[in-house]
Amino acid sequence: MHHRPPLSAIIEMGCPYLVATAVALALLGANPVHAAANKHLAKRAVHRQEAPVIRNTDGVAEARLINIYKLIGKAQNREALAKATQLVKDLPNFQLAQLVYGDLLAARGRPVDAIGDVPDTMAQAAGSNLSELREESKRRVNALREPPPPGTIPSQFIALSQRSRHAIAVDASKSRLYLFKNTPTGLNLVSDYYISVGKAGTSKTLEGDQRTPLGVYYITSNLDRKSLKDFYGSGALPINYPNMLDAKRGKTGSGIWLHGTPPSQFSRPPLATDGCVVLANPDLSHLVKTVEVRTTPVVIATQLHWVAPHSVRTEGKPFEDALHAWRNAKTAGDLKQILSFYTPDFNSNGKTLAQWTPTLKAELATVQGRTIQLKDISFLRWTDTSDTMVVTFGEVAEGIRTGLTKRQYWMRQDSQWKIFFEGVL
Amino acid sequence: MKHACTPMFHPLRLLTLAAAMMFSVAHADDYTDVSQLMRAGKLPEALSKADQYLASKPKDPQMRFLKGVIQRDAGKTTDAIATFTHLTEDYPELPEPYNNLAVLYAGQSQFDKARAALEMAIRTNPSYSTAHENLGDVYAKLASQAYNKALQLDASNPAVAPKLALIRELFTPTGPKGQKSGIPAVSSPPSTPVAAKPPPVLPSPALAKAPVTAPPETAVAAVTPPPVAPATTSASGNDTKEAEAAVRSWASAWAAKDVKAYLAAYGREFAPPGSMKRSAWENERRERIISKSRISIKLENLNVTVNGNKATAKFRQNYKATGLAVSSIKTLDLAKSGDRWLIVRESTGS
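As you go down the protein sequences, you meet chains C and S in turn. Anchor point for the first sequence: position 70 equals 70 in the numbering used here, and the numbering is continuous, going up by one each time. When you read off a place in the second sequence, starting at 1, and then add 1000, the result is the number in the numbering used here.
Think of the hints as simulated: they come from the structure by calculation, not from any bench. Just so you know, these numbers come straight off a predicted model, no measurement behind them. Backbone N, C-alpha and C define an ideal beta-carbon position, used for all residues, glycine too.
Some chain S residues close to chain C (C-beta under 7 Å, calculated; not the full set):
1) 1140
2) 1143
3) 1146
4) 1147
5) 1150
6) 1151
7) 1152
8) 1153
Start from the sequences, fold in the hints, and give me the full structure.
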């Protein structure tokens, strides 16, 4: 008797169904990232007395989907179908899960050659929906197949003071957001989530260009979900686009948020938004509960480069020297020397260098020759056509109890680092 | 096929009462008593009652079947395998003993044997193939629903519900060696729709499915094979070619969903399966064929032998349609009527 190959056999024969996914995933063990995330949340829940004990659901839907892929990879289609049945029952709006469920059902009666092996008529009617779901699947799987090397951090995070308890990095090419906890011994990756970015991709330049900005940002507020439309899902965390580098470059637009998904969609395609970064609601909720407004940096890059923490410190050394030279000049009180650190097109909230110089003079008068100390220094590097640093620190004169929290934007001009923005937070 | 598929056999379900429903009501009390004892967990009592009954009616397939189930429940796997094996020998046309053998073999990780037994179960009883086709349709329907949700298509235009084939007749076993078994025929009239849903056992999809059109005549065919005449010289080469052409045009009419030409390939003597009326059978075939968006029929190893104005065509039929692909060995008996070769019998299985 002739046997129709079941789905499992198709995978073994190297047919395209989930080749990039299930087979490789079968080799993956449990996901340590999420295990760590769960532990972390449990600890926080105890620490924050006011927080109700909520079962952590971030990342769970994806873990269940990946488990189904693994079962398919192990030729356990029956079990995979049972798990898929339960997943779509729990999350009927998880379209990718519906697609895999459909494939598993279809595979009972015919060969299934590709993920979303839908009838031609349906594929035509679906427009781009099918290719988007396939892309979502691919990106989810690839992000898990190629996790960041253990102990590495995105190259932008050169120095992050303990004022920032968490940090976020987005890799647009992988459709992935990484959440870090900033500990005294360095940044620890605690969880990572599938995300969607702008319909037209990244590199936002103009208002309405449906692109997600690239750069170093900070979360500016936490919008109450009750005040939001259903479209934004479980909450919204706006970021400070356009930042000072964006403004210097004349970029326009506003209202770039990290937010959740509408009731009709558990997740959205990789390229789907008007420029925001969109997470599934359980994932966004976890971010909202975890991160702090104003001190949490959000780096958004086309592709993150993961490097060892000590190597970024070495790379950041020339900049650190420039920053300390600026501090020393300020301690010495030599106005001309201090001004040499600023670019001609310097801007401080609308003031030119000439207009801002009185502010600088006033600061020097207060210091009166005392040594200036920089505390809690963070500097994040952003390199595209220019090499820039977003620097945050507390500036305190010796013997004075309090100082100012400042943010500066520096740009490297040849081998010289220069300040093109300075402001008080 | 490699061992890769074997884990799928694990969740096999044992048939218990399906057979009980299929047989006579004459001995209902004895069967009921044994079944009740069994369900109450009184296995030794159930077994002794079954043995007592079998002492007077040693051939009775129903009680032997129950005995096998009791033995299985009691953990006497070897005894249960023996009981079911003997049943398959005496009643090769019954699918249930094969199915239960498969369950027992799978429990011993003898997956090759389990697979063979399940293939026999499917092959022996055409109503099983109907159930498979129904199941295929249901799976296809469910898949379509899931795809619609996945692709966020408008579901306000509901797809046509799958037409499921009704099993119209209970299977009446024939005894060993072609004799009618001692069981009186089922008392219900044959037209009563008895089973509107598939039988309770769903074999693994990894198994080849029985053919779509298998009429329930296979068992009979196995018992009374048509006398094979020695090759005669009367069959001209032309007749062979014509009969072969008739088979091929039957297949292409089917694939082209040309129902009229397809039905015209069957002679007046053709007996529809399960004592169906010809018109009912034709309607069923029509619905089955036109409901498929596309059908592919490929014939392999077509071998036609002609004996006078009768011909037998044997071939492997590879059938593919939306949501279903089946490969099977098929035999068509043809008779020459005027200058046309028409199908008078259609059976499946080697």
